[in-house]
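As they're listed, the protein sequences go chains A and B. Residue numbers are given in this note's numbering: position 350 of the first sequence equals residue 350, and the series is strictly consecutive. Residue numbers are given in this note's numbering: position 331 of the second sequence equals residue 331, and the series is strictly consecutive.
Incorrect hints may appear among the rest.
[As the list claims (entries may be wrong)] Lysine-lysine pairs mimicking BS3-like chemistry, simulated, CA-CA at most 30 Å apart: (1) B:K449 x B:K551; (2) B:K420 x A:K365; (3) B:K206 x A:K389; (4) B:K206 x A:K450; (5) A:K2 x B:K40; (6) B:K204 x A:K364; (7) B:K105 x A:K2; (8) B:K551 x A:K19; (9) B:K123 x A:K290; (10) B:K105 x A:K450; (11) A:K365 x B:K16; (12) B:K40 x A:K365; (13) B:K571 x A:K450; (14) B:K287 x A:K358; (15) B:K206 x B:K284; (16) A:K76 x B:K37; (17) B:K457 x B:K519; (18) A:K293 x B:K105; (19) B:K49 x B:K37.
Source of the hints: derived by calculation from the structure; they are not laboratory data.
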Amino acid sequence: MKEYRTINKIAGPLVFVEKTEPVAYGELVNIVLFDGTIKRGQVLDTSDELVVVQIFETTTGIGRDSGVRFTGETIKMPVGKDMLGRILSGGGKPIDGGPEIVPEKRLDITGAAINPYARGMPADFIQTGISTIDGTNTLVRGQKLPIFSGAGLPHNNVALQIARQAKVPGSTESFAVVFAAMGITKEEANYFMQDFERTGALEHAVVFLNLADDPAVERIITPRLALTTAEYLAFELGMHVLVILTDMTNYCEALRQIGAAREEVPGRRGYPGYMYTDLACIYERAGMIKGQKGSVTQIPILTMPGDDITHPIPDLTGYITEGQIVVNRDLHRKGIYPPINVLPSLSRLMNLGIGNGKTRDDHKKVSDQMYAGYAEGNDLRGLVAIVGKDALSERDRLLLEFADLFENRFVRQGYDEDRTIEDTLTIGWELLSTLPVEQLTRIDRDLINKYHPKIKAGAKKE
Amino acid sequence: MEVKGKQANGKQGVLKRIAGPVVTAVNLDAHMYDVVKVGKEELMGEVIKIQGEHIIIQVYEDTSGIRPGEPVSNTGLSLAVELGPGLLTSIYDGIQRPLSVLVDKMGNFIERGVSAPGLSHTKKWTFKPLVKTGDKVEPGAILGEVQETNIVHKVMLPPNAKAGVVKTIKSGDFTVDETICVLDDGREFPMIQRWPVRVPRPVKEKLNPTIPLITGQRILDGLFPIAKGGTAAIPGPFGSGKTVTQQQLAKWSDAEIVVYIGCGERGNEMTEVLTEFPHLEDPKSGKPLMERTVLIANTSNMPVAAREASVYTGITIAEYFRDMGYDVSLMADSTSRWAEAMREISSRLEEMPGEEGYPAYLAARLSEFYERAGLVKALNGNGGSVSVIGAVSPPGGDFSEPVTQNTLRIVKVFWALDAKLSQRRHFPAINWLNSYSLYLEALQDYYDKEVSPEWNKIRSWAMEVLQKEAELQEIVQLVGSDALPESEQVTIEVARMIREIFLQQNAYDSVDTFCDMTKQYDMMKAIKLFADLAYAAQLAGVSPAQINTVKSKNELPQIKFIKDYKPELAKIEKQMDAEFNTLRSAA
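Isolated chain B, as found in the complex (with noise of 0.2 Å):
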């Protein structure tokens, strides 16, 4: 294997001590993150600690009836991950290890001791070479391609194998395992790939991203964009919907590749996804989402330093993918969870703790984790991205935790969920007030170029309502509407209709669950012509109880779900003029 060039001796170390899922081992040659294999079950366990003669582990899977005594043995390779056709629709643990292999191996529980290859050895892909004999190939060069699904799955020279030049390159049905290039210099190439995942695959060149990741959720892409390439973070409480909106954003976003992370979540949502996945459709190739998806569940009652590596796991897969040349978002729910594995371990390593006993290197652990987002120029020169959206679950909805704030001092895209909005059924419970993005900026040309030049200014318009309201309401709360200037009640009244048209959006409607950029833009468009008609009537004289009264904007909530909603938008947007022509009228 290429992934490292030390050799491993060979010799047994012998388990000293075992306390849960830490153990240590003495006599043993070990250098830090290699993976060994615990015990006479052979339990995978990775080095994370040397103290002189004894080597602190921590295993994947559960240690109970493990003694002192028992063998240990160093397989001299880092933590990786297999990469190669067959990644694509896959179900893995934390440690890619297939979870259908899994039931097949050992029942419908997970037992321990059994490995499982994360790509099939067996299965047999068409592999077309897209180089010939005499070529020079530099590292992460694209040497042939495979239909895997609907996706083209490319065949890359290793980042980290020599430039040489191509003496066969073969075309037919190989495995993975089987040579499909050879080098001048003699050495051989398969599908595969191995890659150790707490490395970060390198890139040529990495770039500021300026494309948004459109996501179909109004919210999101109109008022908190997030760009390819870009980071972004959702913190809520239990009960705001951070997993509904992680789950419409791995249906939705306009990504090539989907790679999900269900880390120490709930069993049965991993359940929901992968009912759900195969039948769902990409809006773009129709094809089902699956096709597209990479899933990764280590739910909460699987062994906790598999949870740690989970989130590891997903992104190399999804860097993988980034340097075919493919937009990649991947979602980790929840990154709390990950930093609770964290501090799992190192209470047991007994480390001195930093704040509410995490490790002091939560921060740092954190901010590597995202920045191995970004929107790249990969070796071979392709462009390819990995946008990276990461639930937090703050203790008590307390967004002051140690998570959270670091997390926050990395990314870019705040989505703030609010647990009052979830509870009077505000969904997505997005706060609009305390959500930010930094990418509005660099994204403007694209909205301006495909969407409309109007775009920009109509965002900052509702913006500014809805700014507006929240300083009306407080006064609200004091005196009661009455006693506002009317044209501060039409305020009031835009506002509303903002959060219900626009900001609500049913998850489980077949239509509202996606709504594209001009949808958006005609939603937000027929909004604000009610604004200017009411704000006119006003000016004129016509009460705020009269403008209330008009019916065309009871209708405006349904456009949202018919999906060949022109006609229907143009005949309110008619009818709104005429009733406000007899408004102005009459006064």
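Bound-form chain A, shown alone (with noise of 0.2 Å):
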């Protein structure tokens, strides 16, 4: 491989290379410095004259004197079953002491977009025991559904209790959880690995590390590693995917810090104008194809800058994925755990889990019975705390109840806790029962009369 020695510029993790044979771009590029160490990296722009290099680790070391040698393939990466217990590095390389992954097959980490027409629809329950998520904003599979979560919250605890908990009820398919974690701190790291190996999860789990103090650049690939692992598993050998994707702030940064290191135009708050599009490529990487078994399912966690919903981060995420999970810092204070706040959370494909033959058929009625309630019931907060209770007519009195009730029986539940969908929702009744009948509208009569529990118990009297 000819190895060219005309580097001439270097700025941040840009590696500028004068004079060479056509270049492909996207190529995999081979930096070797003096002590024969060898850097990583990939072209971004690619001329006769003038090929721009992206490196994916630190840019120490490299000098004008470096050698640069172009691989001829884009970046590929081993996968093979035995992947299965592995920790790797955010590099893809293992950092568990163990073999090199045996590649049974080599693939193109950046992905092919799924052919619409050949979707599956997702429409599997995918039951977490927290009911938050169940009751209220059901996830399925194939769906991506992110954690929007803010510095200091226990969004961790949260990610770890669906991957410990999640099943689809009555489904004994195989299934595996795919880790990536992008500068997340060492003690992070080890949480999470403890809570796996305590719960036996490893067993079923590739993990990919990008810590802290790794290159912020690796942690463009990081997920990228981590998705093509997933569809590996999913889409060649049938099995059903959880990924989780932490934390991608972080990741957004080093999109960032690319993006003023090439010197391009910024877009809202510094952030690339093509990040929409390149974070897409991440979450669209979920989803299920017709006529095959597997499934990517998505769960990727964000903490908000100053819990801002509206910050380009969360912000564009919000617009591709199907739905969010809010974590919310006033219940957290309230000492409820966990801290979801359902009224910003929603789940885009909930309808297609629910119901009938999937859950119950009053999953839906109940749902949005209380989310109606538990909104009026918080607005009514404001008003109490100018007016007083006592000025509160009996029904907003009820609902203000409800809102408390809510959050102390239905939203708070423990960090092992598992719950059915059956606990959900009769924890859902009990407190609706708190209600006069007539203010459920929501809930046909026909249902009131099924799952009601004062008029069941009534029924039963007579």
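Can you join these two chains into the complex? Each is in its own frame, and there are hints to help.
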């Protein structure tokens, strides 16, 4: 392989190489340092005169005397069945002391878009055992449902609880977890690893770790490696794969860093204008394929800078993903775990995965009624602060109490508490029965007669 | 091909630079917006800038692995779509490649370098002529027809073909390429025609819209109607229900043809449309909705240049059906993703950015696009229309951003989605205070004649109550509702009924998902009846608390879910009357 020594400029993660043979766009590049160390990069811009290479690691040690080797192929990743149970670096190298991955296939990490015509319709209810998700923001197989959180909130616990408890009731199909960490601390990583080991989840997991002190640019490829692995497990081996990506905010920071180094025209808050497309190329790698067994379900986690949901990172994410689970600081301060605020949370695919034959016939209506009640009760809290509880009408007082009950009975649950969907709906009805029956306008009479605990009890007495 | 008179000289250019979807070629004779084939794999691209020797091209497919030095050839044609029988029920990507054909050619994932014609060139259609030898035909004239689905496809002389006299006209089964008509000057015409997507198809005359596009959605038809041939924008933050609203319009609007563009949106959503539409029935014809639909799906992770083109592909197809004399409605979800695609290409061209990095020509492109909507008299004299409904996804739900603002300056109807409403599951989450329709006046006559002479009055009444409620709510927030005068407490209750009964509509309920104008009128009339009785009772000394005990008003919401609602509604109204009588006599 030809080695060039024509580096002319190095700026941030970018290396500019002059006068080369024709080099392909997107080609993998190895840069050889004087001591023989190899750094990897990718071609971002290519012409006869100048090739721009983005380095995935730190550029420490690269100089004008370094050698540049163009490998002639785009970045590919070795994948194989024995990846399960392994821990890899953010760049895909084993870091658990085990052997190299025996490749059964080498796959392009950018992945191709699933043809919308070939997509299967997500329809299988995933029970996470968390009421605020199962009951009111249901997750289904093939969905991408991010967790929007803030610094210092227990989003990692929520993610771990989902990874541990997630199952499709009544299904025995094989499943796997792909976990990709981007820029998280060693401590957080240890926490995840210990939990995986404690619960035996590691056996059917593949872990990619890019830690806070690893090169930021490597974060650009970490989620792509993870998703390539997930797609292999899902669409070649027929497994149901849950992908957890944390923390997407660090990923976007890395993207901004590269954009700035390339002197691109920045979009909102300095993030590159193509961030929507870039994020879409990650998030859209979830789904099912018609006539195939496996599925890729994604739970990306991101911390909203300043808890601001309109910040470009959560904003663009929300426009791509099929809903969001919002972790809330006020609930956390009240000591409620999991502090999920259902009001701004949403699962767009919920209606596909619930109802008769999937969960229960009353699921949708119970969820809607609880939403309406909690939203109204929550608003009244502001009013009470001004006029006092005594000035409220009877209807309002009941709604106010409903909001408190909702947080304490429905939202609050234990870190190891695994509620079935029946448990969740039972709690829902219990709460709704504190409101007058006429006020349950979103539920049909038939369902009220069938499930309302007071009416059921009354019917038995007669 | 007839599209352009210009000849490509067949000379091959050479690639010089590749930077993502934008590449530079030299040694190429090219004109702006020519379609070129890039590299050994012949990826499809379009010339977007000419700078001396350098021809700058946007490529519709992923450019990884392409090297400088690879060949580039010019087709000499503009980016065009194939128009003819076979469009309906199709699902295309942004450059009119049928996605089903792509699955057959390259599997479940979108690979590159595969071309696929927009129409099937082997399928035979039964052509029935409508002109005879010796007839003089003008551009756009209808030559004959094909029963495509339950829709009759009119085969027309292309709008840019010169007039002539029919020499031969055939009848029978033909592919789209076979000649079906010969004019006396020897020109031969097949059923297919190609039209460059960036050029609006000509019409004889643009008319002012006077008929509403009935959507079956109460808040839209009732309060903020759009006219056939009109334009509307639905801006809203994520999760406020843009896509559901767009899909409801695609399902239930009384257009004859629907073109749905999924522009840079979610793959799973397109799948939902694809799985659902074939099973849904058109409320008018009873046939599957898919038979009147053309879908264009360029999801967010498909190439960005093709996303830019998808909107033009869609509107050109819509115009083609309009020329046949159909009412077409076009949904673009979302125009913000289209604008972002423009921004991305523009920044790769290193153009001077305007606001928020968008190119300075953003406003011009948006208005050009919306201006292709309209109620028209086609070249052949047929009346047809294209209504355009564009979703806008403002970052952070902030309506002051450039795409929303530039859109609002053009469109006539504004449906403002509100995250607060969707959080409390008030759907459709369209804010009744911020939304508007500038067609109200133009449509008044229609409502007078087709719905009821009372309709316009009752609509204004409802808007007034809602407006009044907003003012009263501010007071209630401070002092509680008991502090209001009694008549205003009634107003609050009436407004609540308008919101919960009339405005809220369940898209997932088999009956409530579509509500015709008569039912809308009847429902609003029933609420008005309650209001009139309640105000009268209040004047007669009945307290608001007593008025709230009226049982019949709790029955009213059930009307939404009953198909044959009239007997039940009459019963409720009668009961309401009786209850108020009792209250008044007790007072």
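Hints, verified against the model:
1. B:K449 x B:K551: violated (35 Å)
2. B:K420 x A:K365: Roughly 20 Å separates the two Cα atoms, so the pair holds.
3. B:K206 x A:K389: violated (61 Å)
4. B:K206 x A:K450: Roughly 58 Å between the alpha carbons, so the hint for B:K206 and A:K450 is violated.
5. A:K2 x B:K40: Cα-Cα ~23 Å, so holds.
6. B:K204 x A:K364: Measuring from Cα to Cα gives roughly 51 Å; hence the hint is violated.
7. B:K105 x A:K2: violated (37 Å)
8. B:K551 x A:K19: Between B:K551 and A:K19 the Cα gap is close to 85 Å, so the pair fails against 30 Å, i.e. violated.
9. B:K123 x A:K290: holds (26 Å)
10. B:K105 x A:K450: Since the Cα atoms of B:K105 and A:K450 sit roughly 52 Å apart, the hinted pair is violated (cutoff 30 Å).
11. A:K365 x B:K16: violated (60 Å)
12. B:K40 x A:K365: violated (57 Å)
13. B:K571 x A:K450: With a Cα-Cα distance of about 26 Å, the restraint between B:K571 and A:K450 holds, given a limit of 30 Å.
14. B:K287 x A:K358: At roughly 29 Å apart (the allowed maximum being 30 Å), A:K358 and B:K287 satisfy the hint.
15. B:K206 x B:K284: Holds, at about 27 Å.
16. A:K76 x B:K37: Status holds; Cα separation ~27 Å.
17. B:K457 x B:K519: holds (16 Å)
18. A:K293 x B:K105: Cα-Cα ~22 Å, so holds.
19. B:K49 x B:K37: Given pair B:K49, B:K37 holds - Cα atoms ~16 Å apart, limit 30 Å.
Of the numbered hints listed earlier, those contradicted by the structure are 1, 3, 4, 6, 7, 8, 10, 11 and 12.
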